[in-house]
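S.K.: Sequence:
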Amino acid sequence: MENSLRCPYCESNMKVTEMFCPNCKTTIKREFSLSKFNNLTEEQLQFCTTFIIQRGNLKELEKIYNLSYPTLRNRLNAIASVLSGEKITDNYDTKETLSKLENGELSVNEAIDLIKNSK
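Taken in order, the sequence shown gives residues 1099 to 1217; the numbers are from the working numbering.
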């Protein structure tokens, strides 16, 4: 997958060819490389930032975003799909889900959601 933004008119890949400094008014024209992160939405970038600051602790993200574990996993999968260029999904093992439920890592509703969404 090429690292570029999509043209809002024709959906073709666009290239960044100019950088401008608003302080000294310097303009540099050339073809610049983009990061895969440029393909994420602002919301996804904010989620990534929070995820990294929380060191990947999904329990903390549950509190911050007031979202369930399965919803957070789906957001992470969507971001991973954009960054990898491939569809990323979880292959949940029902036994693993039940074990997490038993250990208090998941609520009953979260476990039900995981099992329902795994079918």
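Just so you know, these hints were derived from the structure itself, not from any lab.
Warning: the hint list may mix true and false statements.
Derived pair list, reagent style DSSO-like, types lysine-lysine, alpha-carbon separation capped at 27 angstroms [to be verified]: (1) 1198 / 1161; (2) 1214 / 1198; (3) 1185 / 1134; (4) 1214 / 1161; (5) 1134 / 1113; (6) 1214 / 1193; (7) 1214 / 1113; (8) 1113 / 1127; (9) 1113 / 1123; (10) 1185 / 1214; (11) 1113 / 1157; (12) 1123 / 1161; (13) 1198 / 1185; (14) 1157 / 1185; (15) 1157 / 1198; (16) 1193 / 1157.
S.K.: Now, for every hint given, state plainly whether the structure supports it.
M.R.: Going down the list of hints, with the structure as the test:
1. 1198 / 1161: OK: residue 1198 and residue 1161 at ~18 angstroms, within 27 angstroms.
2. 1214 / 1198: holds (16 angstroms)
3. 1185 / 1134: Distance of about 15 angstroms is within 27 angstroms: holds.
4. 1214 / 1161: Holds - the C-alpha atoms of residue 1161 and residue 1214 are around 23 angstroms apart, at most 27 angstroms.
5. 1134 / 1113: holds (13 angstroms)
6. 1214 / 1193: Roughly 14 angstroms separates the two Cα atoms, so the pair holds.
7. 1214 / 1113: Violated, because 42 angstroms separates the two Cα atoms, which is more than 27 angstroms.
8. 1113 / 1127: holds (12 angstroms)
9. 1113 / 1123: The given pair, whose Cα atoms are some 21 angstroms apart, holds under the 27 angstroms limit.
10. 1185 / 1214: holds (20 angstroms)
11. 1113 / 1157: violated (39 angstroms)
12. 1123 / 1161: At roughly 43 angstroms apart (the allowed maximum being 27 angstroms), residue 1161 and residue 1123 break the hint.
13. 1198 / 1185: Roughly 25 angstroms separates the two Cα atoms, so the pair holds.
14. 1157 / 1185: holds (25 angstroms)
15. 1157 / 1198: Holds: residue 1157 and residue 1198 sit about 13 angstroms apart, inside 27 angstroms.
16. 1193 / 1157: holds (20 angstroms)
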